[in-house]
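Colleague: Each residue of the sequence shown is one higher than the one before, counting from 1 in the UniProt record's numbering.
Check before you lean on any hint, since a few could be wrong.
[What the hints assert, rightly or not] Here are the computed distance ranges between Cβ atoms for each label pair: (1) Asp100 / Arg207: 42 to 52 Å; (2) Glu186 / Phe151: 18 to 28 Å; (3) Arg209 / Thr169: 31 to 41 Å; (4) Gly162 / Ala88: 38 to 48 Å; (5) Ala166 / Ser86: 28 to 38 Å; (6) Ser86 / Trp208: 32 to 42 Å; (7) Arg207 / Arg168: 33 to 43 Å; (8) Phe158 / Gln194: 20 to 30 Å.
Keep in mind that the hints were calculated from the coordinates and are not lab data. Please read these numbers as outputs of a predicted model, since none were measured by experiment. From the three backbone atoms N, C-alpha and C, an ideal C-beta is built for every residue, glycine too.
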Amino acid sequence: MSRQTRVAGTFAVAALLITALFAAESSGAAAQDYTPGLLSEILPLTSSTATEATSEATQVVFTAKEVVQQLPAETSETPTTDDDGSHASLRELVAATDVDDTLSQNMRCLAAGIYFESKGEPLEGQLAVGHVIVNRATSGRFPSSYCGVLFQPSQFSFIRGGQMPAIRTGSAAWRTAKAIAQIAHEGSWKSPAQGALFFHARYVSPRWRLQRVAQVHNHVFYR
Numbered sequence: 001m002s003r004q005t006r007v008a009g010t011f012a013v014a015a016l017l018i019t020a021l022f023a024a025e026s027s028g029a030a031a032q033d034y035t036p037g038l039l040s041e042i043l044p045l046t047s048s049t050a051t052e053a054t055s056e057a058t059q060v061v062f063t064a065k066e067v068v069q070q071l072p073a074e075t076s077e078t079p080t081t082d083d084d085g086s087h088a089s090l091r092e093l094v095a096a097t098d099v100d101d102t103l104s105q106n107m108r109c110l111a112a113g114i115y116f117e118s119k120g121e122p123l124e125g126q127l128a129v130g131h132v133i134v135n136r137a138t139s140g141r142f143p144s145s146y147c148g149v150l151f152q153p154s155q156f157s158f159i160r161g162g163q164m165p166a167i168r169t170g171s172a173a174w175r176t177a178k179a180i181a182q183i184a185h186e187g188s189w190k191s192p193a194q195g196a197l198f199f200h201a202r203y204v205s206p207r208w209r210l211q212r213v214a215q216v217h218n219h220v221f222y223r
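With these hints in hand, go ahead and build the complete structure from the sequences.
Modeller: Pasting the structure below:
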């Protein structure tokens with residue numbers, strides 16, 4: 001082998017050794033760059049990464065504090081009380097309602113309708129009848145006064161020939177009817193037959209194509 005050939009071979013071996021050495025150093029640096037403990041030194045800090053870091057570093061602190069739970073909305077099954085909550089029953093509200101003989105003609109008609117149509121009914125039944133008269137007067141479908149509602153032809157059976165029977169004004173039933181009329185007029189106790197415009201006695205079955213609302217004791221109510 002010539003001297004020139006031996007020199008060329010020596011240079012080739014040296015070149016291979018140098019290349020291998022640089023390749024090994026480069027692989028080591030890349031592995032170190034992605035060491036998990038050094039990510040914060042490599043990744044740039046942005047608003048999103050800062051937020052994430054802050055969230056993870058924030059500690060949850062529990063304190064002794066009164067918990068106030070919101071009550072569920074009232075449903076039809078919730079016991080009904082008067083608006084200011086001062087009376088626990090309709091009977092209490094009736095007893096507390098101030099009534100006298102200085103009723104307006106309109107309120108006298110409302111009380112008379114309750115008296116003649118339902119004086120034998122429990123208080124809830126009397127109130128339901130009273131609310132029918134009130135609902136009619138405010139519906140726009142009937143006369144706008146309580147007297148107009150009562151004296152509308154063929155609506156209330158106790159009105160005969162456009163005349164109302166005499167009322168026993170000294171009776172407890174009349175006093176109750178006046179109190180119920182005041183409660184229905186003011187809307188201070190919810191009707192057990194909400195929104196009703198019609199009713200009939202339970203023992204009759206008229207063929208009314210109306211939406212049934214409720215039965216309250218001896219009357220069935222519709223809208």
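Colleague: Now tell me, hint by hint, if it's right for this structure.
Modeller: Cross-check of the supplied hints:
1. A beta carbon spacing of about 43 Å between Asp100 and Arg207 agrees with the range 42 to 52 Å that was offered as a hint.
2. Between Glu186 and Phe151 the C-beta distance comes to about 23 Å, which sits within the given range of 18 to 28 Å.
3. The hint said 31 to 41 Å for the Cβ distance between Arg209 and Thr169, and at roughly 39 Å that hint holds.
4. Between Gly162 and Ala88 the C-beta distance comes to about 42 Å, which sits within the given range of 38 to 48 Å.
5. Evaluation of the 28 to 38 Å hint for Ala166 and Ser86 yields a pass: the beta carbon distance comes to about 36 Å.
6. Roughly 38 Å separates the CB atoms of Ser86 and Trp208, a value that falls within the hinted 32 to 42 Å.
7. Remark: the range hint 33 to 43 Å for Arg207 to Arg168 is upheld by a beta-carbon distance near 35 Å.
8. Range check, Phe158 to Gln194: about 25 Å between beta-carbon atoms, so the 20 to 30 Å window is met.
Hint check: no violations occur; every hint is consistent with the structure.
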